[in-house]
Structure formats: C-alpha cells, structure tokens
Amino acid sequence: MIIRQTSLVSLLLGLFAVSLGNGVAGAVTPVKHPAYLHARSDLRKAELLLQQKDEPNVEQETKMAYQHIHQAIEELDKASAVDKKNLQENPNVDTSLQHLDRFRAVYKLLRSAEKDISYEEDTNTAIGWRNRAKVNIEQAKRNIESAASKDVIDDLQSEHY
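Going by numbering that gives the first Met the number 0, the sequence shown opens with residue 0, and the numbers climb by one from there.
Watch out, some of these pointers could steer you wrong.
Derived DEER-like restraints, expressed as beta-carbon distance ranges [as the list claims (entries may be wrong)]: (1) Ser157 to Ile126: 40 to 48 Å; (2) His69 to Leu96: 18 to 26 Å; (3) Gln51 to Tyr118: 27 to 35 Å; (4) Pro55 to Glu144: 17 to 25 Å.
Calculated pairs, DMTMM-like style, for lysine to aspartate or glutamate (alpha carbon to alpha carbon, straight line, at most 25 Å) [claimed, not checked]: (5) Lys52 to Asp121; (6) Lys133 to Asp76; (7) Lys133 to Asp121; (8) Lys149 to Asp93; (9) Lys107 to Asp53; (10) Lys149 to Glu54; (11) Lys107 to Asp93; (12) Lys62 to Glu137; (13) Lys77 to Asp100; (14) Lys133 to Glu144; (15) Lys149 to Asp100; (16) Lys140 to Glu73; (17) Lys107 to Glu119; (18) Lys107 to Glu73.
Quick caveat, the hints were computed from the structure, so don't treat them as lab data.
Even glycine gets a Cβ: it sits at the ideal position worked out from N, Cα and C.
Please work from the sequences and hints to get the whole structure.
Listed below in structure tokens is the structure:
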C-alpha cells in the first residue's frame, strides 16, 4: 500500500513538473519576426509596382528585377517556414506612379527590405535563405538602376521631351 501511494505521489509530481515545463516553454516561444514581415511586405510592394508596362528596353530590366524580387520573397518564405513565422501579406500599392517615381519607390522599398533582413539571424538554416534573399535584392537594385537609366535616356531622346 505504501509503495502504491509513493508511486502515485511520484507520478503526480512528475506530471506536475512536466506541465510546469510546458508552461515555461510556451512562455519563451519566439514571436513573429517583424523585420522579415516588413521586408517581405516591402518586397511584395516592389514586385507589384514592377508589373506596370514600360518601354521594351526598360521592361527587360524591370522583368529581371521582378524575378530577383520574387526569388528574394521565396527565400524569405523558406526562412520564415524554418523559423515558424507567418509572413503571408499582400499589401496595397500606388499604381499611379510613373517612370522615375515608380523606380524611386521600388528602389527605396528594396533598400528598406535589405536593411530589415540584415539583422542577425538566430536560426542557422535560415541564414542561407536570408543571404540568398540579400543577393537577389542586390541584383534587383542593379536592374532598377539600369531600368531607370534607360528610361531617362528614352525620355531625353523622345520627341515629346
């Protein structure tokens, strides 16, 4: 009888300790990664802004920038899946922006996203995805620079300028 009571008490104490451990673990569960959320939102806005039509030679560059931005978003999505962070967001964008204003807006969004993901990452697996996202953002910035240059040249050479 004493053995049975001791076993029951030990079992109850063990269950109590486990339940306390789960409570502590739940308290330190990481929250959403706000920098990734903001970076993804900025990248998505930039991606949407680049869906507007432009001159053929400018559009070549914007399509390449769009592809790099899309790849950066995919890398952040992979990193967020490992971190168990929800990054689903489709922001509204100002589609009335034209030419250089649109390129300025996209470039600012890319710089902002680049800054947001430059913070130290605590998940080793996510570091690779984050770094690949950085490379894609940098390439997209170069494409936007080229597109803006071509757009200015087109405007200067236009009869309507």
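Keeping to a limit of 25 Å between CA atoms, is the pair of lysine 62 and glutamate 137 held or broken? holds, 15 Å
Would the pair lysine 77 and aspartate 100 pass a check requiring their Cα atoms to be no farther apart than 25 Å? Between lysine 77 and aspartate 100 the Cα gap is close to 31 Å, so the pair fails against 25 Å, i.e. violated.
Within 27 to 35 Å: is that where the Cβ-Cβ distance between glutamine 51 and tyrosine 118 falls? holds, 31 Å
Tell me if the straight-line CA distance from lysine 133 to aspartate 76 falls inside 25 Å. Measuring from Cα to Cα gives roughly 13 Å; hence the hint holds.
Starting from lysine 133, check that the Cα of glutamate 144 is at most 25 Å away, please. holds, 17 Å
Is it true that the CA of lysine 149 sits at most 25 Å from the CA of aspartate 93? holds, 22 Å
Given the hint that lysine 133 pairs with aspartate 121, does the C-alpha gap stay at or below 25 Å? holds, 16 Å
Decide if the proposed pair is consistent with the structure: lysine 149 and glutamate 54, CA atoms, cutoff 25 Å inclusive. holds, 9 Å
25 Å Cα cutoff - pair lysine 107, aspartate 53: Within the cut-off at roughly 20 Å; holds.
For the pair we were handed, lysine 140 and glutamate 73, check the Cα-Cα distance against 25 Å. Cα-Cα ~17 Å, so holds.
For the pair proline 55 and glutamate 144, does the Cβ-Cβ distance stay inside 17 to 25 Å? holds, 18 Å
Does aspartate 93 sit within 25 Å of lysine 107, going by the straight-line distance between their CA atoms? holds, 14 Å
Checked against the numbered hints listed earlier, the structure breaks hints 5, 13; every other hint is satisfied.
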